[in-house]
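Novice: Got chain A; can you put chain B on it based on the hints?
Chains as they are written, first to last, in this note's numbering: chain A, 40 to 631; chain B, -12 to 377.
Worth flagging that the hints you see were computed from the coordinates, not collected in a lab. Predicted model, so just to flag it, every value in this text is computed and none were measured. Do not rely on the hints blindly, as some may be mistaken.
To list a few chain B residues with every Cβ distance to chain A over 10 Å, as calculated [said to hold, decoys possible]:
hint : residue
1    : E87
2    : R110
3    : P240
4    : P247
Simulated restraints on C-beta separations [what the hints assert, rightly or not]:
hint : chain 1 : residue 1 : chain 2 : residue 2 : range
5    : A       : R611      : B       : A2        : 32 to 42 Å
6    : B       : E87       : A       : R611      : 17 to 27 Å
7    : A       : I458      : B       : D19       : 38 to 48 Å
8    : B       : L60       : A       : N426      : 43 to 53 Å
Built from N, CA and C at the ideal position, the CB exists for glycine as well.
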Amino acid sequence: NDFCIRNYILQWGMEDTRALRYEECYVELREWILKLLEDLKNELAELLYPLFVHCYLDLMSKQYTAEARDLLAHCRHEHEPEHAEEITCLGNILDGSTLDTNPIAIKYMQTAKAKVYLCHESDKLLTEFLHNRRLNILVRLINQYIDIIIYGSTVHDIAPQMRLKQCEEADSAMIGVKRKPLRWAEVAEESIVRRESRRARAAMQESRSNTGDAMQESRSNTGDAMEQDEQEDPSKSEAQGVEELPQLSDEMEARILSDLKKRVNVSKGALPSICCYTLFNCRDALTCMNISHDASIVAAGMSDSRIKVWRAGTTTERDVQDKSAADALRNGSPLMQDSVLVGHSGPIYSTSISPDNRYILSCSEDKSVRLWQASSGQNLVTYRGHNFPVWDVAWSPLGHYFATASHDRTARIWSTDHIYPLRILAGHLSSVDHVVFHPNCNYVATGSVDKTCRLWDITHGECVRLFKGHRSPISCLAISPCGKLLASGSDSGELLVWDMASSKCIFELPGHEGGVLSAEFSCGEGSLLASGGQDCTVRLWDMTQANQSKGKGASLRATLTSLQGMKVLHTRSTSMMTVRFSRTNLLLVGGS
Amino acid sequence: MSIIREDLVQEAAAAAGVKNVGEKVAASLAADAEYRLREIIQDALNFKRHSRRRKLTPADINNALRVRNVEPLYGFTFPEPIVYTTKQGEGGGSQIIIEEKELEFDELLSAPLPKAPVEVTLRAHWLAIDGVQPLIPENPIPENLDVAAAGKKRKVKDSETSEKDPMVQDVLSQELQLYYENVTSAVIQGSPHILSAALSSLRKDPGLQALLPYFAQFITDEVKRSLKDLPILNALLSMTLAILSNAQLHVEPRLHELMPAVMTCMVGKQLCKSSLDPHWNLRDRAAKLLNFIVDRYAAPYSTLQQRITNTLLHAFLEPTKPLTTHYGAIAGLAALGPQTMNQLIVPNAPAYASLLQKYTFDNHIKRFEAIRVRGALLDAVGKSFTHTRV
Chain A
40 NDFCIRNYIL
50 QWGMEDTRAL
60 RYEECYVELR
70 EWILKLLEDL
80 KNELAELLYP
90 LFVHCYLDLM
100 SKQYTAEARD
110 LLAHCRHEHE
120 PEHAEEITCL
130 GNILDGSTLD
140 TNPIAIKYMQ
150 TAKAKVYLCH
160 ESDKLLTEFL
170 HNRRLNILVR
180 LINQYIDIII
190 YGSTVHDIAP
200 QMRLKQCEEA
210 DSAMIGVKRK
220 PLRWAEVAEE
230 SIVRRESRRA
240 RAAMQESRSN
250 TGDAMQESRS
260 NTGDAMEQDE
270 QEDPSKSEAQ
280 GVEELPQLSD
290 EMEARILSDL
300 KKRVNVSKGA
310 LPSICCYTLF
320 NCRDALTCMN
330 ISHDASIVAA
340 GMSDSRIKVW
350 RAGTTTERDV
360 QDKSAADALR
370 NGSPLMQDSV
380 LVGHSGPIYS
390 TSISPDNRYI
400 LSCSEDKSVR
410 LWQASSGQNL
420 VTYRGHNFPV
430 WDVAWSPLGH
440 YFATASHDRT
450 ARIWSTDHIY
460 PLRILAGHLS
470 SVDHVVFHPN
480 CNYVATGSVD
490 KTCRLWDITH
500 GECVRLFKGH
510 RSPISCLAIS
520 PCGKLLASGS
530 DSGELLVWDM
540 ASSKCIFELP
550 GHEGGVLSAE
560 FSCGEGSLLA
570 SGGQDCTVRL
580 WDMTQANQSK
590 GKGASLRATL
600 TSLQGMKVLH
610 TRSTSMMTVR
620 FSRTNLLLVG
630 GS
Chain B
-12 MSIIREDLVQ
-2 EAAAAAGVKN
8 VGEKVAASLA
18 ADAEYRLREI
28 IQDALNFKRH
38 SRRRKLTPAD
48 INNALRVRNV
58 EPLYGFTFPE
68 PIVYTTKQGE
78 GGGSQIIIEE
88 KELEFDELLS
98 APLPKAPVEV
108 TLRAHWLAID
118 GVQPLIPENP
128 IPENLDVAAA
138 GKKRKVKDSE
148 TSEKDPMVQD
158 VLSQELQLYY
168 ENVTSAVIQG
178 SPHILSAALS
188 SLRKDPGLQA
198 LLPYFAQFIT
208 DEVKRSLKDL
218 PILNALLSMT
228 LAILSNAQLH
238 VEPRLHELMP
248 AVMTCMVGKQ
258 LCKSSLDPHW
268 NLRDRAAKLL
278 NFIVDRYAAP
288 YSTLQQRITN
298 TLLHAFLEPT
308 KPLTTHYGAI
318 AGLAALGPQT
328 MNQLIVPNAP
338 AYASLLQKYT
348 FDNHIKRFEA
358 IRVRGALLDA
368 VGKSFTHTRV
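Bound conformation, chain A alone:
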């Protein structure tokens, strides 16, 4: 292997020792890597962190303390989401003499070489690049401290076992790492229930009669239990994140409550009913589809930049949900087409219907996001800010705020009354494909082409968790109603469930052939996960195990388990673009 890096050490033995070159070299390499093609970039990016650490340690050991501190200050933000603990520890090094006592320094310089897996192609490119740019410092560091393992000639040669091994290694390196705790604020639904139960209890005490109906009683019981919980766990109530949460209208609250009363508990034993919406005659023109939480609105984005909106039944009927869907089914009549939203000038890539069904957001290839009034079909606001096509848009669970994901490698948080973004979430190495709000409104999760998912804190706009382990770009995301599990599907049909607190993959759900286009947890306890894919199936997965294990932190250390699908439902030839649980736990699916 003539091109092997190791041979260059002789040739380029003489080294440029000017201290400044360290940072320059590192930044040059980083810039180069970020411009590479996706697959190669993801591989080579693994090299950056160990190199960064070694540059820093090398500078320290050579007594260039100021330069080392500069390097750390300038570049630490890139690695913080993944290696926060280590970086803080590195920051504690005062000068070269204390290197021997720092655990991280010992780990990197003495214990073992860091392992990086590369394919032959990327190895060759790297060698050529280092050679052409004369980045001798990096060549020396790579030779000395990093073990490059070549697994095949191209990226696609990687065997799945190898991938698993890499993940395990990464995991074992992470053991003992403490992270910032996440704030488990109350989910909107819970707060409504709690307020209602208080009201009910007050009413009951007033009348001093115990003849209230069973429903209220049970509700107040749950309310009691919840308050006991709060007393036991004081951290829970104090952890409110976003201060100015939008208030839901009374009408909206009443609707949620009435839905809650009708909610059916679904689980392994009691499977949900599924209503399937199929679009006909659209010949690949359908790019995205969305169904509102009460099944009253269906919005379909087309590649010809129109959005078609269908409405079910009459809007005055409040319990539209079951009735209208059932009626439409009984008559076999198509849903009423309500309006066509015209305004975008490129394919629509995502739509989102606000929780109160009054507004629709859409994003498109034309770089803009538009807000539409659902009842009239008018375009109210156009949000411009992204410089590249916008892939995804998502309302916050309470409305008012929304998040977008774009090809410009950022996700952004917006509020409907500002035409500029409030937060820009930058950190993904490639285009950000999907975005979803955490039910407690403190976080958003994003998925990207760089095969990772990230969790972002909205208040500070920083990345707090990184989920690594997918083998292909992320194609859908879902967060459980309790807010502790994240499900992510990928283009190659993988479906993984992550524990959010430890950012570990806890379940692997094999079965889909072809991309997983959408996934969602059931409402309430979140005991089911539904996913729809390009293989024209809807699959249901039992999540009770995951829900049980999330309580005990220790069991999460257990290895990744793979769950078999509980139920597979085929359609004739409808590839499932959207999967949605209504608040009463009716599963709504749609596609073309």
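Specialist: Just chain B now, kept in the frame of chain A:
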């Protein structure tokens, strides 16, 4: 490693008017060009993923180019897929060529506007009720899925037709009933214009599977009933041919019902009111259709050809049968191919020819018939000879 070769770069440079591109320059340019190409393809795939499609389209490539601030390529967004053909070049490399049809400008201008596309519609159905899939037409049939899962994935077309089979027992939809009425009336009393429209519909329309048993029954009954009505028999034969040539129809289960009708049209004693009518043509056409059927179905049904041959040979070797029947039998056997002719007609030809001699002294109708039969016989024997010699 690189896909773009250096000589290609040199050629492209020469075409652009830059001469003397050195090898090193060409090599680095080739690497760069390939990198750009891969980048564009990668972006285009991204656009494809977000459109939730399985196929990459020229529009995706154009979007990817636009993202990179490059002028899109115009003229590649066809409504139908582009057909590529590969040709071996001189240097051993292969070339990929897009076949382009030449269109007459006048024709294009005078052509009627294409049909407006069908409006997109939304329909809802229950995929599952409490986790159980109801058996309604919108949902796939479970057995088919099991078979599909066990074996390899079948083509969509196949599964569609097999899915429709169980629906034969169902009540026919009103549209299908109307269609049946129209087609049958066109065959029996339609003008040539309507008949040809009906036949072309039969040849091409998908979704007629449910009607197939009814059509088969109709053909059998009608052939029996109108044995002496030449135009109807002709129309029925055309109808059989149309059904058989419809690629979407799964005719095999009904073939045994259609065969007797075809055979009757070939060897029937009298197929017209007066013996002067051109019933010979009908027999010839039936023979051709027989040839078509044998070609298509002989492989899966090994006994098919044998049974046909036996019937025809029986008709041919029976001297008491009328000459018209003999004619049909000879035509049919001839249509079955040179091997059959060699084995069955040629050995019997001399004896039969002497039999024919008798008829030449009969009345003029018989004589005329005998001449026809003789012509057919000579034709068959001649064909078989030319074939064996070649």
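Novice: For every hint, state whether the structure bears it out.
Specialist: Each hint, compared with the structure:
The Cβ of B/E87 sits about 23 Å from the closest Cβ of chain A, beyond the 10 Å cut-off, so the non-interface label holds. At roughly 5 Å from the closest C-beta of chain A, the C-beta of B/R110 falls inside 10 Å, breaking its exclusion from the interface. With a minimum CB-CB distance of about 23 Å to chain A, B/P240 clears the 10 Å threshold, and the non-interface call stands. Separation of B/P247 from chain A is adequate, the least Cβ-Cβ distance of about 37 Å exceeding the 10 Å criterion.
Hint check: A/R611 to B/A2, Cβ distance near 51 Å, so the stated range 32 to 42 Å is violated. As the Cβ distance of B/E87 to A/R611 is approximately 36 Å, the hint placing it in 17 to 27 Å is violated. For the hinted restraint 38 to 48 Å between A/I458 and B/D19, the CB-CB distance of approximately 40 Å keeps it satisfied. Distance hint check: the CB atoms of B/L60 and A/N426 are about 23 Å apart, inconsistent with the given range 43 to 53 Å.
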